[in-house]
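S.K.: The listed protein sequences correspond, in order, to chains A and B.
Residue 197 is where the first sequence starts when you use my numbering, and the numbers rise one by one after that.
Residue 800 is where the second sequence starts when you use my numbering, and the numbers rise one by one after that.
Keep in mind the hints are simulated off the structure, nothing from the lab.
Backbone N, C-alpha and C define an ideal beta-carbon position, used for all residues, glycine too.
Fair warning: there could be bad hints in the mix.
[Claimed, not checked] Distance condition first, Cα-Cα at most 25 Å in a straight line; then the derived SDA-like pairs of lysine to any residue:
id, chain 1, residue 1, chain 2, residue 2
1, A, K524, B, P1117
2, A, K571, B, P1115
3, B, K1113, A, E567
4, B, K806, B, T817
5, B, K1113, A, S530
6, A, K544, B, I1101
7, A, K529, B, F1036
[Unchecked claim] Chain B residues, not near chain A, derived (Cβ > 12 Å throughout):
id, residue
8, I803
9, E906
10, E979
11, I982
12, T988
13, D992
14, E1095
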Amino acid sequence: MKQRLGSIVVTLLLFFLTTLYAKDFIYNMHIATKTPYTKEGILFTLDINQTNPDVVLLFDFDLLKHQDYLYQRVDMQETNKEDGLHIRYTYLIYPLKSGVVHIYFKLKKRVTSEDSVAYSFSGDRDNVKGLVTKDYNINLTPLTLEVKPLPKGTKLVGDFTLKTYLPKNRAKAYEPLPFHIAIRGKGYLPLLDSILPHDTNFTLYKEKPIVHTTSNRQGTQSEVKYTMALSHDQNFSLPEISIKAFNPKNQKTYTLHIPPKQFIISEGNITALIDDTNSPVLLIEDWRWISMLFSYLFVFFCGFISAFIFMKYNNKRVKKNFDPIKEKIKEAKSKKELLQILMSDEQKRFASSIKYLEDSLYADGKIGLKEIKKKALSLL
Amino acid sequence: MKQIYEKITLLKKELSKTVIGQEEMINSLLIGLLCEGHILVEGAPGLAKTTTVNALSRAINLDAKRIQFTPDLLPSDILGIQIYNQKDHSFSIKKGPLFTNLLLADEINRAPAKVQSALLEAMQEKQVTIGDETLKVPAPFLVMATQNPIEQEGVYRLPEAQLDRFMMKVIVTHNREDEELEIMKKAATKSFDEISEVFSLHDLQDAQKALENIHIDKELERYIVQLILATREPQRFGLENLAREILFGVSPRATIDLYKASRAQAYLAGKTFVSPSDIVSVTHHVLRHRIILSYEARANHITHDAIISQIIQKVPVP
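Excised from the complex, chain B in its bound form (with noise of 0.2 Å):
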């Protein structure tokens, strides 16, 4: 197990080689590559996401994809479609860009509807239909999908439905002044390390295996619940003011994503147990894009970050 997460933290300082800064992406995009689960990452262009995307499938040796999401995108376009081959009169498959182990949804709210679906089915199955055939999508599979949060015009909003398959949603922000001089001094000598594979699907598997062997107690378990039904009953825990703010709670998609992710971020951190803190440090990501807020609450700009930092602060911890 210590011999994983050695190459773990080889791993992040591969892709810090190429990604200044932006801890918290990387962070969620290893914690989603190891419970298998999908991010929704937010944040203005040129933050480097491509390039995160790119630096971890080098690094690991996947398949990486990018899908530029536009009003005109059909679902074949991303799943494939039947080709007619007119030399011996059959059809065959053209696999689309979603055959991949790590895809980038690029803007993935300026695709209509149907072609969000079609993606989050895949996200959700695991598996894509093209006329008759069934085709499993490659292991593992990550997509992580970006929205733009400046520009909403022309844009189809992801249902609350189909947000809930993320199992993170990420606010990616601008760098820090240090940072931002370092990535300047790079790209202007265009001296940004080549990225090498230091970690192996075999290891990737391993990872996912260790997992399984971080130590939850029974009261942070409760402690998980708790979280999740304080989003949905809040004058329970005393937050009688939320009650109001939300519209819907959580769905329990939210807590098996909540308890996966803070043994991940457990094992990321090199404990082999899981203190609070690793939950309350995926809490805001994990429940972030689940919660519903009344009209009142976006009336008074009241943010989805606040609600859950308030629910923290009022469900007692073990």
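Chain A with its partners taken away, still in its complex shape (with noise of 0.2 Å):
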């Protein structure tokens, strides 16, 4: 119980906090500690609590950027009830430097109504209406953070694991033998600038390493892939590689090791490589462009018979509807029927041939259903 006493106890001293006051608000900051060994992440909290329930405030915070130091907001939790805002930022805050290290802040206040909010709330989508705020810069005192060296010879900064894998370890000649790194685990981005020596006499390829990263209240966890190949013309060995580092929270160091390698190379038949005929004779003859001129030749004939049906169906159908009491004058079966379809006619071009129908029906002309549709299609 004592010693659960006592780690809560550590625990809070090892937060500082600092509680400020402005107009309309009061804000306090939280930093876990202010002596961390250099790239060592640390959380920073502001808290913002308004005062003057009176106005509408917002706020617009965020570290200043500064080559001392890298952050990362990882949360910020806003909640506005009737006694006013409170909102708080977190970051994570990884000083890269030892020394004394000043963390910059800038925070803007910006004042305005509920009628302004409701206003500017209003608006549609085309018609979009600002708020209206006054805005004041508030002046925050910087941080000052006395960072603590790493050990000598420390690379990398955290709580980290180190991963090979070699798929084989035998190649011909100049043949590339893969040869994968993974670095993972919580705290300061693992990421090198060169993992294997630099006098090696093996010829290296390698690729930007892959980094996969998350940031959190608990600090940043990471993967970085380091892929790379190998390639000689002899059998060649890669020594062992001891990567030093430092765990903050122990505040002990340990080493990654990556074991060492044997490479056994084989020697390659270069000779067969080498082409001592001017131009060979095909091994075998390419008819691809044959069956490709072909499918282009069949492809475009099917293209020109659809557009020429099409053509000559619509060619048709536009003849038969451009006029098509034509067609029913021909296929009249009675006297009647002609009369009809005469008469339904809307430019009135048939009044002769009308007359002749009516004489034959209602009065006593003949003339024979023939003979009308002769003259009536002659008038088309």
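Once you've looked at the hints, go ahead and assemble the two chains, each given alone in its own frame, into the complex.
M.R.: In structure tokens:
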């Protein structure tokens, strides 16, 4: 119980609390430690609490970029209650050098009213109404950190593990041998310029490391994969490689090892690769161009025929629709039917034929159906 | 009767002195005059609409007036108003241009609904009420209203109920090549002949009476009714496709007008009886403004005339 109480007290002591007062709001800064190690991730929080509920407050807060540190916002919580606005910004800060490091901030207070907020929401998509605010820049005193240096030769800071993957260690001369190294763990991003020693006699092909990283309040979890390939014309070996790492949590230095590797290179038949005949006879005749040509011709022919058939059919249809009355006159089976067809013509072209028909139907006119059809068709 | 018919032929000839072509419009105007029906003319400007009305008024010695319908026109502008007389402290009526025999209502769809209603009410009732006084319009009273089919901006479309009051809707098209040539020559040389009175009001009354003697067979009477019914129940006549295209068929007023117009058409053709062709020749004019097309038909650019032609083709001729 005593031990637990002690640890709680120690944890509380680690938090340095600064409460400051400004007009309309107060803010508290918390930092996990002011004496971190170089590249040790430290949690920083800023709590802003509105004290004047008569105004509507909005805040813009961020850290200023600086070469002495890196930072990442990992969380922001905002609650708007009756007593005012409460915001908590949470950051992870990584100091990049030892000694005194100042962390700089920018904070803007934006004052507005309920009416202005309501008005800004009243616009639609095509009529966006800007929120009218009165802005004040708040000067925040930079936070000073006393950054401790890392043990000499430390390349990684955090808790990491290393894995290697070598699919094969035998190859023919100049054949590339793939080799992968993955460093995974929590801490400052384990991104190294070069893992393998420079003074080797083999050829090294390497790609840009693949980085996967996620940050939260607990720190930065990351994995960096180094993909490379080695090549030589004779046997060679890769010496044991040690990467010195430091874990600031337990303040212990540890080493990640890449065990020594032996590569066996057999001689390849280089002579077979050299072509000693000019314009050699083709082993297989490639006739694919003929099938390609015919397929193109076939597609062209199909397209042509389709268009031709469509045009022919369409022309026929248009022709038919152009003067359908002509077809109807031809198909009329009786005088009355013909009379109906001729009378329905909007252009009233068949007045004389109609007269003949009516005389024939309702008076004593004597004229045959064929003859009237002929007369009517001649009027078209 | 023959004598009157000869006078009508003379009237047509007289009109042709100033109106070249446009037989359909002249024929429809005469049908309207004989049947006391009003004519709605749709056509582009400059197709001799005013000239025809003026020529007809001069040929029959009738009073003719023209009203240009505009959006700011008021009912009192056409009907007339009561004027206060300061001398005897009384009101007197100043009659509007509506009190005439032949009225050309130019671009009727440019005036707002209240003016259209005022005119159409006078057309139907043949009387006008100004203040406390009701005045009869002079007989004969024929309104020829025009509509421009091109400009449709800023117009007040005539409601279907008001369109129904027009006996016929005539679509005036441009003249033929030979007619256009004649117009050009006559206009250039100012050689349009003067119209002289060849038809009196008394002749008109005689012609209207003569119409009653035009025989129409019972079968043809039934044919007229069937044409009308085909607009209301197209499926009965094997016109299922028209059932989708016609929203509302024509009214009983159309039946009456088609009957009257058929007889007048037969009379103008110099016949003593009505034949199917007389009925059909006026069917388009009588029905085209009364059929209400469905949205589907309008979207497919189906015209009233095409529908009427289909009906004529399907309804069996007696």
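S.K.: Of the hints stated earlier, which fail here?
M.R.: Violated hints: none; all satisfied.
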